[in-house]
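Chemist: As a plain string of letters, each chain reads:
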Amino acid sequence: MTNLATRNLKAASLWAFIVLIFVLVPVLSTSSYQVNLACHVLIWSLFAVSFNMLWGVTGMLSLGQALYYGLGAYSVGLMVDHLGRQWYLPAMGLGVLAAAALALLLGLLVIRVGGVYFTMLTLAFAQLGWQITFKWYDFTGGDDGIQGIIPPGILESGTVYYYFVLAVVMLSIWVLKRMAFSPFGLVLRCVQQNPDRVRFLGRRVRRNQLRVYVISSLFSALAGSLMAGVDGSIHTDMLFWTTSGEVILMSVLGGINQFFGPFVGATVIILIEDLVGARTEYWSLIIGIIIMVIVLVFPKGVVGEAMRAKSLLTRTGAGR
Amino acid sequence: MDASFLLTQFISGLTMATLLFLVASGLTLIFGVGNVFNFAHGSFYMLGAYFGYQFVSVWSTNFWIALLLSGVCVGLFGMLAEFAFLRRIYGRANEGGFQILLTYAFILIIDDLVKLTWGAEYKSLPRPAGFGGAIQLGDIFIPTYNLLIIAIGMIVVVAAWWVLSHTRPGQVARAAAVDREIVSVLGVNVPMTMTLVFGIATALGGMAGALAAPLRTVTPGAGIEVIIDSLIVVVLGGMGNFWGAWFGALLIGEVNAFAVAVVPQWATLFSFLVMVVVLIFKPEGLFAARKVRKV
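Residue numbers (this note's numbering), protein chains in the order written: chain B, 1 to 320; chain A, 321 to 615.
One thing to keep in mind: the hints can contain errors.
To be verified - Derived lysine-lysine pairs resembling DSSO-like cross-links, with alpha carbons at most 30 Å apart:
1) Lys10/B - Lys435/A
2) Lys602/A - Lys135/B
3) Lys300/B - Lys177/B
4) Lys10/B - Lys177/B
5) Lys310/B - Lys135/B
6) Lys300/B - Lys310/B
7) Lys10/B - Lys310/B
8) Lys300/B - Lys10/B
9) Lys135/B - Lys435/A
To be verified - Rough simulated footprint, nothing fancy, chain B against chain A, three-plus residues with beta-carbon under 8 Å:
10) 399-412
11) 417-427
12) 466-474
Claimed, not checked - Derived list of chain A stretches under chain B, where covered just means 3 residues or more per stretch with a C-beta under 8 Å from a C-beta of chain B:
13) 561-567
14) 585-591
Simulated from the structure, these hints should not be mistaken for laboratory data.
For every residue, glycine included, the Cβ atom is placed at its ideal position computed from N, Cα and C.
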């Protein structure tokens, strides 16, 4: 009993520590650029964690989550652009709803097939979305993207918007974590490990897969809609398949078997990209080599390796 | 919509289909034998185009020799990539994601290596001697180079089919696609077979790149466009299915050629639409691969 209580306390204090660091960022930072970077970290973390609900937890490797991320961003961008700034927050809600509806519709199609077919289908639909956004110049601005998306009211200030992002992201991640460790989350893990047995136990595999697909897509869209206000501009690249690849990378780097892995992965990747991008023209070569090293040498990810190191240390320490 | 218009578009669609098939057949072969999805396949195609440029435009090699050499060089590159890197992740849990990441890393690295070696500006390749003109057929002109591509494509297809079905390495590769364990128990070095298959597949892609270079410009971004189209072709035909890829390439090539002529702005959408329609009715492709035995 006390053991459980201490463990809860430990987890809670870790949470509080992470939140505290992010709360302090605007206070300690020396430039608005650093706050902006922290915003990117938070939003990508939400995107990566919601993606990992699909892959790491349920075993559904989607290469098309950029579709929902972009949908969230474009619903905000388009509504602010066409209707005005006061529509910013309603647009976020609408984007999330639209993503949920689209995910439900597409989900019915794509979860019929498993494994690599699922991956390819999600990729195909996302690329279709990218093509439409790219070509429909009159409506979406095509390759130009949309500029000048400024959040309304007090959110216009960078610092206030940062705290808004922090609150939304932390709340979402908390909800996702509750979900991942709920009975529903357990069923999802079982779906990954042994779908047949899930059926024997009287649970529906497809329905649970559809649920998590919709949930993941919905939070991806939320991340996208938050991103629209960070730099004030959005671009079709947000829907491109490399964006979907990026969250896979973040998840792997952090560790796909840990809930907070993708969070750590997103943080590290954003910081690396920032460092590399500022220093060399050949950033894709550097990133490519980094990906290779991660995949070949550290497949468990940062959090995974840390856990292993910790268990090794405690084992020798206890003499077990 | 007169006959000459239809014929012109048909030939141009056939040209595109041939190039697509050369890339997609390699992709589907690698998938069939090793269950690997090589996202970097388009990059090997691009590499082939650059090798072609290097041999023909810089070292003024004969076009035909250059074509062969480009294929061989790219094939060697592919074998190296498989042998040194890809091989290490086979059989890992959640292998799919790692495959995507590793081959994505190949794309990034090859892209920048190409930029470092040849620069970022567009390159072009002249058509080979004797194939610069066009044949007149009634009131339409068909470029001889397009006919050449189609002919070479047919030869390669038949050759690849013959190798796969009538030679021992081909039979081993097909057997390995069905059951790796049994084949390796029979004394075949399955990992080496996979490296070889990877080499042949990337060589086909590289040759396609060199062949396409005189028609399209050679740019560092060429790989990405090709891989998406090839992916559609492979998914349409049923992954791992050689003739399925052939049919898929034909379908996508022709759909594209006619869409470009009728609704130019939205042409690229049509290949996706075809795929979506097919997949709604046949989620595993038109010619689904044999059901893999579940262990």
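Chemist: If a hint holds in the structure, say so; if it does not, say that too.
Modeler: The hints, checked one at a time:
1. Lys10/B - Lys435/A: violated, 50 Å
2. Lys602/A - Lys135/B: holds, 28 Å
3. Lys300/B - Lys177/B: holds, 20 Å
4. Lys10/B - Lys177/B: The given pair, whose Cα atoms are some 16 Å apart, holds under the 30 Å limit.
5. Lys310/B - Lys135/B: violated, 51 Å
6. Lys300/B - Lys310/B: Holds, at roughly 14 Å.
7. Lys10/B - Lys310/B: Measuring from Cα to Cα gives roughly 16 Å; hence the hint holds.
8. Lys300/B - Lys10/B: holds, 23 Å
9. Lys135/B - Lys435/A: holds, 27 Å
10. 399-412: Result for this restraint: holds, n = 4.
11. 417-427: n = 9 at 8 Å, threshold three: holds.
12. 466-474: violated (count 0)
13. 561-567: violated (count 0)
14. 585-591: holds (count 4)
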